[in-house]
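Enquirer: Following the hints, put chain P in place on chain L, whose structure we already have.
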Amino acid sequence: MDVELLIGIFPQVLLDGIILGFMYALIALGYTMVYGVLEFINFAHSEIFIVGAFVGVEVMLGLKSVGLLEGLPWPVVLILVLLAGMAGSGLLAVAVERVAYRPLRNAPRLIPLISAIGISFFLQDMIRLFESLWRNAFNLVYPTLDVLNLRFELTETMDVSVKSLVVIVGALLMLWALHLIVNRTKVGTAIRAVAEDQAAASLMGIDVNRIISLTFLIGGAMGGAAGVLFGVQYGLINPYSGFIPGLKAFTAAVLGGIGNIPGAMVGGLVLGLLEAFAASYLSLLTGGAFGAEYKDILAFSLLILILIFRPKGLLGEVVRERA
Amino acid sequence: MIHHRVRLVLALLAVLAVALAPASELQAQAGKGTIKIATQSPLSGGQAALGEGIKLGAQLAIERMKGTLEKQGFKVDFVPFDDQAKPDVGVANSKNIIADKDILAIIGHLNSGVAIPSSEVYKEVSLVMISPANTNPVVTDRGYPNVNRVCGRDDIQGVVGSEFAHATMKAKSVYIIHDKTPYGQGVAEFFKADAEKKGLKVLGFEGTEEKSNFDPIITPMKAKNPDVIYFGGIYDQGAPFFKQAREKGVKGKFLGPDGMDSSDLTKIAGKAVVGMHYTSAAGPASALPKAKAFSEEFKKKFGKNPEPYAAEAYDAATIAIKAIEAAAKGGKVPSREDVATAVRKAKLPNGITGDIEFDAKGDRKKALYFVLQVANEDPGKWGDNKIVKQLTIAAPAAAKK
Numbered sequence: 021m022d023v024e025l026l027i028g029i030f031p032q033v034l035l036d037g038i039i040l041g042f043m044y045a046l047i048a049l050g051y052t053m054v055y056g057v058l059e060f061i062n063f064a065h066s067e068i069f070i071v072g073a074f075v076g077v078e079v080m081l082g083l084k085s086v087g088l089l090e091g092l093p094w095p096v097v098l099i100l101v102l103l104a105g106m107a108g109s110g111l112l113a114v115a116v117e118r119v120a121y122r123p124l125r126n127a128p129r130l131i132p133l134i135s136a137i138g139i140s141f142f143l144q145d146m147i148r149l150f151e152s153l154w155r156n157a158f159n160l161v162y163p164t165l166d167v168l169n170l171r172f173e174l175t176e177t178m179d180v181s182v183k184s185l186v187v188i189v190g191a192l193l194m195l196w197a198l199h200l201i202v203n204r205t206k207v208g209t210a211i212r213a214v215a216e217d218q219a220a221a222s223l224m225g226i227d228v229n230r231i232i233s234l235t236f237l238i239g240g241a242m243g244g245a246a247g248v249l250f251g252v253q254y255g256l257i258n259p260y261s262g263f264i265p266g267l268k269a270f271t272a273a274v275l276g277g278i279g280n281i282p283g284a285m286v287g288g289l290v291l292g293l294l295e296a297f298a299a300s301y302l303s304l305l306t307g308g309a310f311g312a313e314y315k316d317i318l319a320f321s322l323l324i325l326i327l328i329f330r331p332k333g334l335l336g337e338v339v340r341e342r343a
Numbered sequence: 077m078i079h080h081r082v083r084l085v086l087a088l089l090a091v092l093a094v095a096l097a098p099a100s101e102l103q104a105q106a107g108k109g110t111i112k113i114a115t116q117s118p119l120s121g122g123q124a125a126l127g128e129g130i131k132l133g134a135q136l137a138i139e140r141m142k143g144t145l146e147k148q149g150f151k152v153d154f155v156p157f158d159d160q161a162k163p164d165v166g167v168a169n170s171k172n173i174i175a176d177k178d179i180l181a182i183i184g185h186l187n188s189g190v191a192i193p194s195s196e197v198y199k200e201v202s203l204v205m206i207s208p209a210n211t212n213p214v215v216t217d218r219g220y221p222n223v224n225r226v227c228g229r230d231d232i233q234g235v236v237g238s239e240f241a242h243a244t245m246k247a248k249s250v251y252i253i254h255d256k257t258p259y260g261q262g263v264a265e266f267f268k269a270d271a272e273k274k275g276l277k278v279l280g281f282e283g284t285e286e287k288s289n290f291d292p293i294i295t296p297m298k299a300k301n302p303d304v305i306y307f308g309g310i311y312d313q314g315a316p317f318f319k320q321a322r323e324k325g326v327k328g329k330f331l332g333p334d335g336m337d338s339s340d341l342t343k344i345a346g347k348a349v350v351g352m353h354y355t356s357a358a359g360p361a362s363a364l365p366k367a368k369a370f371s372e373e374f375k376k377k378f379g380k381n382p383e384p385y386a387a388e389a390y391d392a393a394t395i396a397i398k399a400i401e402a403a404a405k406g407g408k409v410p411s412r413e414d415v416a417t418a419v420r421k422a423k424l425p426n427g428i429t430g431d432i433e434f435d436a437k438g439d440r441k442k443a444l445y446f447v448l449q450v451a452n453e454d455p456g457k458w459g460d461n462k463i464v465k466q467l468t469i470a471a472p473a474a475a476k477k
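Order-wise, the sequence lines are chains L and P. For any residue, its number in the working numbering is found by taking its place in the first sequence, counting from 1, and adding 20. For any residue, its number in the working numbering is found by taking its place in the second sequence, counting from 1, and adding 76.
Next up, chain L with everything else stripped away, as it sits in the complex:
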């Protein structure tokens, strides 16, 4: 075993894990916010996430076709693409709630869950249909901005690219903005009130339906931002790309304590780091007997262990007990 190599790649793996972790955290927010308010798991969120990536790539390709991709300064392009992705996913999440969940709000708990799974399949194939008609393509490639691929060599075995910094800074800004909205504004107070007790909140003059739509809008927009960052970071998306990251982010939400916003961030980071370390170190540590392909097994085994000792997730005690 090459100890020098093991130590040498450590910072790079840490960075890979953090990037992945922030991505999971942003997606996990969508699951956790909806759960906090409605106690229901929005399984269509993985598609809402990838729709953000598709809106982003369409805007980029649109800008490219009119020559503005190189013409505009790159931060402007990125902000435009991010805003478009957030708007697309946020509005889609609101529409999905209106059409598929609101009519079922008083139905037994399992019914909207099935509806969510149905919407998830429906959206996957709608994206596929749209992209085959519109671009005759299954895989869509994010146009590369050269500046995003610039890398800074920090040490011999570690470097960080501009786009990785974009992902980290972007995710941090989103999380900070969300924190402000939920904890410092009147709307945030209303969201927390609805999460606490819908009936009481409506007696206090809060329009519950509007607040629920707003929750979907914010959660969806976070997912859309994650989608754009995912596309920028990894470069290639297809209509089914959202499924696995969505599932992992859901796991991250449970790991952190579902319904709990800081929990989603912690859970996302923990899962991202576990995955990155498992994938990079497994084959080095076992001499090739277990390769990177076992990363999910290791990550999820640890997850089960954590949940055995902390069934409510890492930050679970913050979740309010509810009748």
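Calculated from the structure, these hints are not laboratory results. Predicted model only: the values in this text are computed from it and were never measured. Where hints are given, some of them may not hold.
Stated by the list, open to error - Residues of chain L clear of chain P, computed beta-carbon distances all greater than 10 Å:
no.	residue
1	E59
2	H199
3	N229
Claimed, not checked - In silico DSSO-like pairs for lysine-lysine, Cα to Cα no more than 27 Å straight-line:
no.	chain 1	residue 1	chain 2	residue 2
4	P	K324	L	K84
5	L	K84	P	K457
6	P	K375	P	K343
Stated by the list, open to error - Taking beta-carbon pairs under 7 Å as the criterion, some of the chain P residues facing chain L (in silico):
no.	residue
7	G121
8	G122
9	E282
10	G283
11	T284
12	D291
13	P292
14	I293
15	T295
16	P296
17	A299
18	E323
19	G325
20	G459
The C-beta atom is built at its ideal place from N, Cα and C for all residues, glycine as well.
Expert: Just chain P now, kept in the frame of chain L:
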């Protein structure tokens, strides 16, 4: 009111008459029966570019060659199936295919992992399969009388790759990634075994089903700094892998098997893969004297360049038609067994991909292998890729276990 009803009934009758007319006409034309030739390849999903090429290649051949059979009074139909590059879908399609008694031959598949279980189904009814693209040795090594292929084998292709890495690229060390499918892992293992025999250092051998985030694989790979990186798999995974590896500053040269041979490789990976080499069991038009005319005809009919394996599919379908003609000498629709026997005995001396003849287990007696280099980042110029090396190698005679 009564008038209305009468008119309605009359209208309905008219519609029925129109609907039935072509059917009865068809029956008259069909006279001696219908012969169907099917393709199975991925027509949707990430590998559709290659799968569509197989379908269109076979379609072109059938449309051009079906005249003789039609003159004898048969109706010839072409039925494409979408296996989605998934073994379960391929097998489900196969069950439908063997249930349709008119289907006498299958051209397919793209993926060995789909072809192997599907051909088990075809074997139940001795339905002949002629593969344009399945290079895994197991496909023919099972010795089934109904399974043939017009392409080469991975136990040779892998060695062609490692020989090239050793002798031409002068590599001292290699790092191998594969996609965990019978095709990708298979060819990667042959590459690895021969590379080790030649004294190359294999720094890593990793399987992955990942399609977007290759960071955790690239980081240890970069630290080990291999001379050559080999990806055993298909372009929809290989392209993002190579792209991310270059972006993360990996300096080694890239090499891959024929799964990289699609214009979508440059469409996804762009300049990251320009200059990379790949081995192939299907040469570009420039290598095959007759393929130029084929490309032009293909482009005229379908409005795009033929992807690799379209020419192989064309040849495979031609063999199928010739074999059916030979088996149908009595003027009756031949049995599936007779078609399978005729295919194994068939000779196509002037196919687009050269002389085609099958050996006792359905491998091509002389298969062509190439090493090519990606010339341009424009996917429209995929056809410009230059042949660096060309070999004609016979399939190994005895089945390897």
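Enquirer: A separate judgement is required for each hint: does it hold in the structure or not?
Expert: We went through each hint and held it up to the structure:
1. Here L/E59 stays apart from chain P, with its beta-carbon at least about 31 Å from theirs, past the 10 Å limit.
2. With a cut of 10 Å on Cβ distances, L/H199 stays outside the contact zone with chain P, its closest approach being about 27 Å.
3. A cut-off of 10 Å between C-beta atoms confirms that L/N229 is not in contact with chain P; the least separation is 36 Å.
4. For the suggested pair P/K324 and L/K84, the alpha carbons sit about 24 Å apart, so the restraint of at most 27 Å is met.
5. A hinted pair counts as satisfied when its Cα atoms are at most 27 Å apart, and L/K84 with P/K457 qualifies at roughly 21 Å.
6. Only pairs whose Cα atoms come within 27 Å are accepted, and P/K375 paired with P/K343 is accepted, the gap being roughly 19 Å.
7. Because the closest C-beta pair between P/G121 and chain L is about 6 Å apart, less than 7 Å, the hint holds.
8. Because the beta carbon of P/G122 sits about 6 Å from the nearest beta carbon in chain L, less than 7 Å, this interface hint is met.
9. Taken as an interface hint, P/E282 checks out: its beta carbon lies about 5 Å from the nearest beta carbon of chain L, inside 7 Å.
10. Nearest Cβ of chain L to the Cβ of P/G283: about 5 Å, under the 7 Å cut. The hint holds.
11. Because the smallest distance between the Cβ of P/T284 and any Cβ of chain L comes to about 6 Å, under 7 Å, the interface hint for this residue holds.
12. With its C-beta approaching chain L no nearer than about 4 Å, P/D291 sits inside the 7 Å limit, and its interface hint holds.
13. Annotation: P/P292 was flagged as interfacial toward chain L, and the flag holds, the nearest CB pair being 3 Å apart, inside 7 Å.
14. Hint status for P/I293: holds, given a least beta-carbon distance of 5 Å to chain L, under 7 Å.
15. Against a cut-off of 7 Å between C-beta atoms, the interface hint on P/T295 holds, since the closest Cβ of chain L lies about 5 Å away.
16. Hint on P/P296 holds. Least Cβ distance to chain L is approximately 5 Å, under the 7 Å limit.
17. For P/A299, the shortest C-beta to C-beta distance to chain L is roughly 5 Å, which falls under 7 Å, so the interface hint holds.
18. Interface restraint check: P/E323 against chain L, minimum CB-CB distance 5 Å, threshold 7 Å, status holds.
19. For P/G325, the shortest C-beta to C-beta distance to chain L is roughly 6 Å, which falls under 7 Å, so the interface hint holds.
20. With its C-beta approaching chain L no nearer than about 19 Å, P/G459 sits outside the 7 Å limit, and its interface hint is violated.
The structure fails to meet hint 20 from the earlier list, while all remaining hints are met.
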